[in-house]
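Colleague: With the hints as constraints, model all of the structure from the sequences given.
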Amino acid sequence: HLGSQLLQELKKMDDKALLVELQLLESKTYHALSNLPKARAALTSARTTANAIYCPPKLQAALDMQSGIIHAAEEKDWKTAYSYFYEAFEGYDSIDSPRAITALKYMLLCKIMLNLPEDVQALISGKLALRYAGRQTDALKCVAQASKNRSLADFEKALTEYKAELREDPIISTHLAKLYDNLLEQNLIRVIEPFSRVQIEHISELIKLSMGDVERKLSQMILDQKFHGVPSSLSFT
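Everything in the sequence shown is counted per the UniProt record's numbering, starting at 1 for the first residue and increasing by one.
There's no promise every hint is true.
[To be verified] DSS-like cross-link-like pairs, simulated, lysine-lysine; straight-line CA separation at most 27 Å:
no.	residue 1	residue 2
1	Lys157	Lys217
2	Lys28	Lys208
3	Lys141	Lys79
4	Lys28	Lys76
5	Lys16	Lys76
6	Lys226	Lys76
7	Lys28	Lys79
8	Lys148	Lys127
9	Lys76	Lys157
10	Lys178	Lys79
11	Lys16	Lys38
12	Lys148	Lys76
13	Lys163	Lys226
14	Lys157	Lys208
15	Lys148	Lys226
16	Lys178	Lys127
17	Lys58	Lys148
18	Lys79	Lys58
Source of the hints: derived by calculation from the structure; they are not laboratory data.
This structure is a prediction, so every number in the text was calculated from the model and none was measured.
Modeller: See the structure below:
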């Protein structure tokens, strides 16, 4: 395909900086297509090429950013992802790039996914991040609070109130959807565990979700065998 042809031509020309950018673009494209092995391979090539040259701060930050994204997507290795996002943030911040706020948001996302919501506030009010405070960081702060309180209602409120900040970034949107799903499962298990018979209507009132959503999720959880200590006589009436 065209990308491969371009890479071959660039290798002949020996323009390493441009080659890094193209390999990075290839990694982003494969990630967007959910082909993580190829996304990782292209990123590894980009980093190898970059190691042989002087890498401008903007390009280095972009490599770190993509490394964080791949670690988060592929291995759910949020600690390593955080380290890369932090490097990217420092790099972008040093050249006053608007991408710095995105890297900061990804750092906050890592803390939420690591179940460290209290670190979110500390990060936002820290010296390095203080000048980026605003709706972008407020959005993640609300999600962190909802996650800490295990509140689906607060989570949904944050997603509605900060729609542009949370839903329009595919990286944040994808991971928050998984977090919401986990939160929903925890809430359902907590409500159901003491009972041998449950009413969908009662559960939907308790966790403030529609009966259809509750029924769908419960059916999925039963198929996935996600109930522990719940009698097999569990029935929905």
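Colleague: Among all the numbered hints in the text so far, which are the ones the structure does not match?
Modeller: 2, 5, 13, 16 and 17
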